[in-house]
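Trainee: In order, the protein sequence lines correspond to chains A and B. If you use the working numbering, the first sequence corresponds to residues 1 to 195, in order. If you use the working numbering, the second sequence corresponds to residues 1 to 180, in order.
Hints were generated in silico from the structure; no laboratory data involved. Just to be clear, a hint being listed does not mean it is correct.
Residues from chain B that keep clear of chain A, each with C-beta distances beyond 10 angstroms, as calculated [claimed, not checked]: (1) I38; (2) Q50; (3) E63; (4) S98; (5) D99; (6) D109; (7) M115; (8) R139; (9) E151; (10) S162.
PhoX-like mimics (lysine-lysine), calculated; alpha carbons at most 25 angstroms apart, straight line [claimed, not checked]: (11) B:K116 x B:K106; (12) B:K78 x A:K5; (13) B:K11 x A:K5; (14) A:K194 x B:K106; (15) A:K194 x B:K159; (16) B:K159 x A:K5; (17) B:K159 x B:K145; (18) A:K89 x A:K107; (19) B:K106 x A:K5; (20) A:K91 x A:K81; (21) B:K159 x A:K164; (22) B:K145 x B:K160; (23) B:K145 x B:K78; (24) A:K194 x B:K11; (25) B:K152 x B:K93; (26) A:K194 x A:K37; (27) A:K46 x A:K194; (28) A:K194 x B:K116; (29) B:K152 x A:K194.
Quick caveat: nothing in here was measured; it's all calculated off a predicted structure. We treat Cβ as the ideally placed atom computed from N, Cα and C, and that holds for glycine.
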Amino acid sequence: MGLLKGSATFTRYRVIGEMQDGFRDFFDTQIKLHSFKEISTGLEEKSTGWTSSENVLDTDFQYAGYSLGDYVLFCLRIDRKNIPPALLKLKVLEAEKKYAEENNLKKIYKEQRAEIRETVRRELLAHTAPVPSFYEVCWALSESWLILGTLSANVFEDFEELFKRSFNLIPVHFVPWDPAFADSETASALAMLKK
Amino acid sequence: MGEQGIMDMEKSDFIFLGREFLTWLWFKSEERNGSILIENIGDIELLFFQRIVLESGEGEYSETVACRGLHADLKEGKAALKMGKRLKEARLKMSIGSDEWEFTFKADDFDFQSMKMPARQESGESDDEAEREGRMLERVYMIEKPMNMMEKLFAVFLKKRSTPLWSSEELPRMEQWFTR
Numbered sequence: 001m002g003l004l005k006g007s008a009t010f011t012r013y014r015v016i017g018e019m020q021d022g023f024r025d026f027f028d029t030q031i032k033l034h035s036f037k038e039i040s041t042g043l044e045e046k047s048t049g050w051t052s053s054e055n056v057l058d059t060d061f062q063y064a065g066y067s068l069g070d071y072v073l074f075c076l077r078i079d080r081k082n083i084p085p086a087l088l089k090l091k092v093l094e095a096e097k098k099y100a101e102e103n104n105l106k107k108i109y110k111e112q113r114a115e116i117r118e119t120v121r122r123e124l125l126a127h128t129a130p131v132p133s134f135y136e137v138c139w140a141l142s143e144s145w146l147i148l149g150t151l152s153a154n155v156f157e158d159f160e161e162l163f164k165r166s167f168n169l170i171p172v173h174f175v176p177w178d179p180a181f182a183d184s185e186t187a188s189a190l191a192m193l194k195k
Numbered sequence: 001m002g003e004q005g006i007m008d009m010e011k012s013d014f015i016f017l018g019r020e021f022l023t024w025l026w027f028k029s030e031e032r033n034g035s036i037l038i039e040n041i042g043d044i045e046l047l048f049f050q051r052i053v054l055e056s057g058e059g060e061y062s063e064t065v066a067c068r069g070l071h072a073d074l075k076e077g078k079a080a081l082k083m084g085k086r087l088k089e090a091r092l093k094m095s096i097g098s099d100e101w102e103f104t105f106k107a108d109d110f111d112f113q114s115m116k117m118p119a120r121q122e123s124g125e126s127d128d129e130a131e132r133e134g135r136m137l138e139r140v141y142m143i144e145k146p147m148n149m150m151e152k153l154f155a156v157f158l159k160k161r162s163t164p165l166w167s168s169e170e171l172p173r174m175e176q177w178f179t180r
């Protein structure tokens, strides 16, 4: 984290698409609609949603607390259940042994093996607590760019997908040599350099 | 160039520019003892210190060299430049006026890591809404400032890089610097 406190790590995006009149009202509706919700069933492995950046437990966004002048500040929360591979392997071996003994089998076929593995995985998943992570977003609405407080490619994917779904706009990673965002001077310079 | 020309270009065509830019920036920083003059802005201070990472090639054929040292002049880095490597990331100290930032800059994606902000006089953790907002806005401004400065520096670099003077003047001076 660190956009608001401590040292900051971030990447920059351009926000592509048209923002209708009254976008702030639309934003308010959409951020609430796509706010973070706890993993509800035991088998869900991941949940993503928006939270307040000042209080990550706040998903109500009352009084537009995300608003800061021209900016909106909020947080992406990702909860993920991870089963340690070594634990899954051990539990599958135990279950296979038990299955073979109970059914008096010398060998377990591939299909049965896969079924046992899936059952064990589901059981472990149901008893695994999700690990939460938080990434701040600072969006300059009128300038159509934002910064996201992480450099993790996995998080980029989740962020981009949720952002598109929430606001009907497309976030594109910004680098100053992207011809798509070049002014005429930059575009001419890039054209000279194209190998 | 015409519209068609812009449409034909992809950002992946220019991925090399990030590393070339950071390498050039190191040269510019050392050329005038850490001071870089930017048109319409004036002088800013930029120091490369503590850590640089250089790389040549891509993917499985890439070779990386990392140089660390608090007070070293990163000589090994210049040796790696001679071998054809270019800067992939570096720890930078940037001063604009009386404000100073420290951050790791990652050239391939133009990303910023572990940025330390200028020290501010604390006015206490006031609950006053206007003061709180003021503090947050200042913080956002302090993040934007070095980010915008790096973009301005890139624009200066790109302008130089795309003219014939790059090959006839800038590049020979750079080569002279790292073979010195």
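Trainee: Would the pair K159 (chain B) and K145 (chain B) pass a check requiring their Cα atoms to be no farther apart than 25 angstroms?
Mentor: 21 angstroms, holds
Trainee: Please check whether the beta-carbon of R139 (chain B) is more than 10 angstroms away from every beta-carbon in chain A.
Mentor: Violated: least Cβ distance 6 angstroms, not greater than 10 angstroms.
Trainee: Taking C-beta pairs only, is D109 (chain B) more than 10 angstroms away from all of chain A?
Mentor: Violated: least Cβ distance 6 angstroms, not greater than 10 angstroms.
Trainee: Below or equal to 25 angstroms on CA atoms is what counts here, so check K194 (chain A) against K159 (chain B).
Mentor: OK: K194 (chain A) and K159 (chain B) at ~14 angstroms, within 25 angstroms.
Trainee: Verify the proposed pairing of K152 (chain B) with K93 (chain B), using a straight-line Cα cut of 25 angstroms.
Mentor: With Cα atoms ~16 angstroms apart, K152 (chain B) and K93 (chain B) stay inside 25 angstroms; holds.
Trainee: Against the 25 angstroms threshold, does the CA-CA distance of K106 (chain B) and K5 (chain A) hold or violate the hint?
Mentor: 21 angstroms, holds
Trainee: Is it true that the CA of K91 (chain A) sits at most 25 angstroms from the CA of K81 (chain A)?
Mentor: 17 angstroms, holds
Trainee: Would the least Cβ to Cβ distance between I38 (chain B) and chain A come out above 10 angstroms?
Mentor: Its Cβ never comes within 10 angstroms of chain A, the nearest being 15 angstroms, so this holds.
Trainee: Does K106 (chain B) lie within 25 angstroms of K194 (chain A) when you go C-alpha to C-alpha?
Mentor: 22 angstroms, holds
Trainee: Given the hint that K159 (chain B) pairs with K5 (chain A), does the C-alpha gap stay at or below 25 angstroms?
Mentor: 36 angstroms, violated
Trainee: Confirm or reject: S98 (chain B) is not an interface residue toward chain A, with every Cβ-Cβ distance exceeding 10 angstroms.
Mentor: 20 angstroms, holds
Trainee: Hint check: K145 (chain B) vs K78 (chain B), CA-CA at most 25 angstroms. Holds or violated?
Mentor: Violated, because 29 angstroms separates the two Cα atoms, which is more than 25 angstroms.
In the structure shown, a violation is registered for the earlier hints numbered 6, 7, 8, 9, 10, 12, 13, 16, 21, 23, 26, 27 and 28, in ascending order.
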